[in-house]
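Engineer: One letter stands for each residue in the lines below.
Protein chains: 2
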Amino acid sequence: MPSEFGLIRRYFTHPVRHTVLGVGDDAALLRLRRGIDLAVSTDMLVEGRHFLRGADPRLLGHKALAVNLSDMAAMGATPRWVTLSLALPRADARWLRGFTAGFMALARAHDVDLVGGDTTRGPLNVCVQIMGEVPAGQALRRDGARIGDDVWVSGELGDAALSLAALDGRIRLAPRELERAKRRLDVPTPRLALGATLRGVAHSAIDISDGLIADLGHICERSRVAATVELSRLPASPVMRRHLDHPAATGARLAGGDDYELCFTASARRRARIERAGARLGLPVTRIGRIIAARRDARVTVLGADGRRLALPGRGFDHFT
Amino acid sequence: MPSEFGLIRRYFTHPVRHTVLGVGDDAALLRLRRGIDLAVSTDMLVEGRHFLRGADPRLLGHKALAVNLSDMAAMGATPRWVTLSLALPRADARWLRGFTAGFMALARAHDVDLVGGDTTRGPLNVCVQIMGEVPAGQALRRDGARIGDDVWVSGELGDAALSLAALDGRIRLAPRELERAKRRLDVPTPRLALGATLRGVAHSAIDISDGLIADLGHICERSRVAATVELSRLPASPVMRRHLDHPAATGARLAGGDDYELCFTASARRRARIERAGARLGLPVTRIGRIIAARRDARVTVLGADGRRLALPGRGFDHFT
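If you're matching them up, the sequences are chains A and B in order. Take the first sequence: its position 311, counted from the start at 1, is 311 in our numbering, and no numbers get skipped. Positions in the second sequence are counted from 1; adding 1000 to them yields our numbering.
Derived by calculation from the structure, the hints in this document are not laboratory data. Possibly wrong hints are sitting among the right ones.
Distance windows between CB atoms, simulated [unchecked claim]:
| hint | chain 1 | residue 1 | chain 2 | residue 2 | range |
| --- | --- | --- | --- | --- | --- |
| 1 | A | Pro89 | B | Arg1172 | 46 to 52 Å |
| 2 | B | Arg1094 | A | Gly307 | 46 to 52 Å |
| 3 | A | Gly137 | B | Ala1294 | 47 to 53 Å |
| 4 | A | Leu281 | B | Ala1109 | 46 to 52 Å |
| 5 | B | Ile1292 | A | His14 | 50 to 56 Å |
| 6 | A | Asp168 | B | Ala1093 | 37 to 43 Å |
Ideal Cβ positions, reconstructed from N, Cα and C, are used throughout, including at glycine.
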């Protein structure tokens, strides 16, 4: 079995492009340009909670980085550097090869330097920290939503949760439907180009990792406002559209996490600009609701096709409930 | 049981001093001053590997931050920001209170902002990432040792490993001896003031987390040199001095990790300056050997009292061997 240092060297040493000093010292050294703020975020993924036991290591490597890139997208930041800490039950070279291949392919695609990390023996745990650049004062924050803003989402919502519902037997999908929906769960695409485009345009943004209601609720909480969302406006994939009437589908669209689309708010004057940006990026952007004054009973109200309030199927995904 | 968000808010939201935006958004925002590089390091601690099951959460909180601060010390960096990711078997408020108290007391003592993190359910795992400031180009790196340099260490070596040897029954210590030695294991003191003082003085530095031989070996490897160390010069605590002849003591001094002292190299012309710095800081600094040209047979050679080479008792602590 190779030593820890052998493992680190073999799998985690890659050329760096934005970095003074990379893997191999007590710390990496990064240099920021003038007028740039550093955006920093971290996510921990645990077997049996964020991914299934025996998950394909290549997909897991992709996802571990993708969910962190998604946080950069939600800030309007350009990701530059990442560290990766891994606890592994055993030093399994095949697993590490797969994981690293998935992780590094996505890192290279977004020109992100792997600058440090740690490996240790233990129950499987993947902890990634990402750092990115954003022009000072221009980050997309959760606390900037204003009353009257449109509420937007990118892409389509709920397919990742729909695939989980199918795997749990809560809804039946055709094999090809399941395969397509599960791609959204396994290989999320961080919306980095959209996030960067929204700097100076959107008033607030978040990535939808815990579900639309929960994440839009975070924007409302931090911005001290509320929101209404029209269920009929939520963008749905072809697979989702075939199951819209199923309760599991409604739950997946409103409260399913793991799609890693962006939810953002912007002045109505920005509509044309935002639609053009979506068209240019080949990424649907959809107005789904409005920001309203804070109210006591709910941060986010969902209106059904008849204009009546929906009883919500549950809160967003919460790792401790 | 409080929700994840409740947990984060209650235990991990603290005032920040150097930070544009702290906990509560998709990412924290940091601003660096001109001419400053960012030093970044991360460590993952796993139950049963880096700490015992049932470890005092307050001590664990201290140690989880201390080992990361030690990496900053070894770079000559001033720690500023930290993120903390935790996997916990259950949302145990008492455990979290203790852990946070230990962690935050040390953070406040060193004026470090907790700017982000993640909490999830899973086998106990603590992943900390630390970020610090170092004047551009002045970091203490592993790759700068030069032939003829003195090799220095701070403090005293081996007490942490000695306490582990006693707990394992490999050596017998009096209860008061064990208690004193175990303080070094449980409550390591990062040598931040020394690290900062060594900027522009030392040619290379590392913190001794894996044991002197292994860590000095890392300096030698990265600097393409070798080193000799005289066993009789290694600084020993009063407890250690009473057990110097025991094989477990020699192992602890040479290959025991977890003391988190600094090992550094510097030109002989710097001796007086380094000794004055140690005196000013109230921290012993001891010359233990020299940097020599790279050799094939060993990176680090240890000489006994008779001037003969010692057969080494083992490699440094390696989490995968």
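Engineer: Can you list which hints this structure breaks, lowest number first?
Structural biologist: 1, 5, 6
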